[in-house]
Amino acid sequence: MKQNNLILEVKDLRLDFNTYRGAVKALNGVNFKLYKHEVLGLVGESGCGKSVTALTIINLLPENAEVKGGEILFKEEDLLKKSKEQIRTMRAEEFATVFQDPMTFLNPVLNIGTQLEESFMLEKKALKAAVVAQRSQGKANINYSEFLAMKGKEDTILTNETKVSGKEIKKMAQNLCADVLRMVKLPDPERILRQYPFELSGGMRQRCMIAMALARRPSLFIADEITTALDVTIQAQILHLMRELRDTIDASTLMITHDLAVAAEIANRIAVMYAGNVVELTETREIFRRPLHPYTQLLMKAIPNVAKPVEKLESIPGTVPDLINPPTGCRFHPRCPYVMPICPTAFPKTTQPFKEHEVACYLYPQG
Amino acid sequence: MTNKETRTSELQATIADIKYTLHLLRQNPLVVIGSGIAIFFILLALVANLIVNPAVANQFNFSRSYLWNNPIISWGPLARTGGPPAQPLGTDGYGRDLLQMMILAIPLDLRTAFIIVAGAALFGIILGAIASYAGGIIDEAVLRVTDIFFAFPSLVLALVFAALFGRTLDTLTLAVLFVWWPPYVRLIRGQVLAEKEKTYVEALRAMGAGHLRILFRHILPNSIYPLIVQITLDIGGVILTFSALMFLGFSPTPAIPELGNLASDGITHVFDAPWLILFPGLTIVLISLAFNLVGDGLRDVLDPRLRR
Amino acid sequence: MIFVLLGVSVIVFIVSRGVPSAINPLGQYITPKTRPEDIQQIIKMHGFDQPLPIQYFYWLRDAFQGDWGYSFWAQGLPTNEVFFSRFPYTIELSIASVILTVAIGLPLGIISALKNNKIPDHISRIIALTGYSTPAYWFGFILQLVFFYYFFLWGLPHLPSSLAISPILERAVPQVTSMPVLDGILAGNLNYTLDAIAHLILPAFSLAFISLGYLARIIRASMLEVLRQDYIIMARSKGLTERVVIYRHALKNALIPAVTLTGLFFAGLLGGAMITEYVFSWPGVGRASLMAISQNDTNFIMLYTLITAAIIVVANLIVDIAYLFLDPRIKY
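Residue numbers (our numbering), protein chains in the order written: chain Y, 200 to 566; chain C, 2 to 309; chain D, 16 to 347.
The hints are simulated quantities; they were obtained by calculation from the structure and are not laboratory data.
In silico lysine-lysine, DSBU-like type, Cα no more than 30 angstroms apart, as pairs:
#1 Y/Lys281 <-> D/Lys133
#2 D/Lys130 <-> Y/Lys283
#3 C/Lys20 <-> D/Lys130
#4 Y/Lys370 <-> D/Lys267
#5 Y/Lys283 <-> D/Lys133
#6 D/Lys267 <-> Y/Lys369
#7 D/Lys267 <-> Y/Lys366
#8 D/Lys130 <-> D/Lys267
#9 D/Lys130 <-> Y/Lys224
#10 Y/Lys283 <-> D/Lys267
#11 D/Lys133 <-> Y/Lys224
#12 D/Lys133 <-> C/Lys20
#13 Y/Lys224 <-> C/Lys20
Computed footprint of chain D on chain Y; a stretch qualifies when at least three of its residues, placed anywhere within it, have a C-beta under 8 angstroms from a C-beta of chain D:
#14 280-292
#15 302-310
Ideal Cβ placement from N, Cα and C applies to all residues, glycine included.
Input sequences plus hints: build the corresponding full structure.
What follows is the structure, encoded as structure tokens:
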């Protein structure tokens, strides 16, 4: 019933990194679905493979990465079978990624305006259409929301004889830049366009990165630990912004974070990852109400409750597994309080013990 | 952990490091070729005095100068004068077999290059390390002096030095050494300044370690990679400079077998007897290239950020 | 900066006048035309009868006034005239060299970085490293051998092997800048200009061959460093073409160290062009200085060393200023 609402489906994705000391088996069969207009939180500790999954979707992995199996179906096409050039075009038109550290991810020697403009200038056709629409409507400026609405409809606006000069295209791009900065609640956009990244604060830089993502009017928005490098108050502001944008823009969001609280703020559904697998996936409220996987349960217990006094902080025993020689079968079994003899044999199948609640654990009937 | 245990595990770590480095180096074909050539020359240098009679350098037989009897290539008019026995690479202006002279020259060049680089590196490193670690006026003073040396084009300084202090092999060696140490000071300075601020140094101080101990037992070993690279590259560079000095006429006597010296004879007969310049020069290029290839490969491989 | 120059001058002074093997400086301030009666006066004027440290100040004063004595090996002309009449030729050679170095070295370095550890990288590495393993003197002669002598023997059009301009054409054009190519262009004399360029090619290439390797390696290292940065991942994630990523995002960052290097090169060339000038009989300051050294013309050597040091210092300054433009993070 929800099938036609599906925008991204990752099936059994396996990935290795080939290093001097051996193959790091980073992804061990990742499965999840992402529906239109929803925010899916991908949660897990450092090294569990959540960023790697995102990078695999947009094909920005380092050279020693090797996909070992699986499919990534975006709008029903397998991304793994596409050529580099095709993926590049999709990065320009469909995917947008915002990364963790706005200081290192912005080019220090180019100003914000240049970095923002280049995203718009990738789609000259869209800009042309915007100019034409502006002319016909006789308005002063097209704003971003209208630009957004025009996505996909360029051909209906443009005819063969429309003549748009390069200057007009550039001007349109600049207008849109200023407008998209307004959308991310940055004051005085014209000034910011002329500034360099080091002249802005961390929160402002992050908003600029989000603006750069918006410029591409993406269908898939990937936010990779976007709040991790910011302090808590700024974090709250950015999440607030994301919530507003979630309702205005037309994209599905993959929200990657190690902080359950952050995911809870903004995600419709949450997927918990551990050592290269998705171990539990369900709606946000449900996962807090009824965590099924032992790992998720321990995670919940580890979060200290401000209201209740405790004597000892709970933690998960053991350490994160070495991915060159990972534990066999279910990778969590060495640390699991409910470990059973069947656990090390093979990775458990994903089942749905409750409606819309998936889990990969032998504790639940594998039928 | 006892002292002994710490040292053994440190040793093991270093050995593992070296193994990893060699593994990476092996993957680069150029480095392999370069090291092959370098090893060849070093071996040649070691046996040179055995295969060629050193007395050859002192034989001046002017009736057999500038001869070349190679049936395949004829270089020009002068080559055809003179008699039979063919020296593989012809004779130089004094009638000596060029090939034999070159073989004699290799150990001299290599040895001088090693001495100069070792001396310059030692001096520069110690001076720079102490100065930058101490900081304050000492550091400033050494910095200024180094700046002054940097302002001189190296060849000029070496030439002036040589012109003034006489032309023996030793003064020439010293001249080049004199010019070669500043880069080491800069190099070690950069490293020490960076390491000084790191927390482990603070920890060592808190444990009561003395300054010298910290400097030489901890900071220097951590800074060693760029130094290794620089030393390797410099061997190539020093040979060039030293032979240039010889070439420009600062050699004491033509009897000294040295590649630049041999080449300088050939200036006046470049067109008639080009082999005189060609072969010694080519040898210098090969030796220098070999060390540069290795040094360059090392630089790539020892970059801490590229190591996994 | 001034300190460095002063330091250089002190060292040079001590080396030329303070060491036991130094010659009597008087010899440099007299010409065959000097009358014996004037010698005492000359001695007093330049302080030769004073102790060494005081002599230094006399010398400093003389230097500022431009009185560097006479160079007997150069037809007894005043030393500063000998120097500055030859200086433009060295400048011309240096500029041509730097242009060649950048034109060949930059692309070589970029290719090396982009195709890291693949065949183009290996080829470019060999070219680059052979470049700076080659002795300047040797390469110059080999070039002459091939392009002058053998081309001539084989009946091919050949390049001249010495001098900056063919003697026949020497006075054909007013010497405005004393740099043959420039003068030729200014005078609109095509023949002259082409001849000047023909003379320039071999020596400039000889110099460039050695430095381009170094530049290529630095660019390669710098580019590799930049290409590893996060903002390059960001640029790629925006869907920009590889070309744009490299030329707009990466290169600007990578060029910063290269600019330092080019600036220092130029300065080094002005000093180190010595050997190349010698090999090609190029009428520049480098070749003159070699003759001065062998003739113990200490004044010339001092002038030469000072000017070269000054140029290097100035070059450093210019490079620092260039940083201001390239890297917006730097402000004074």
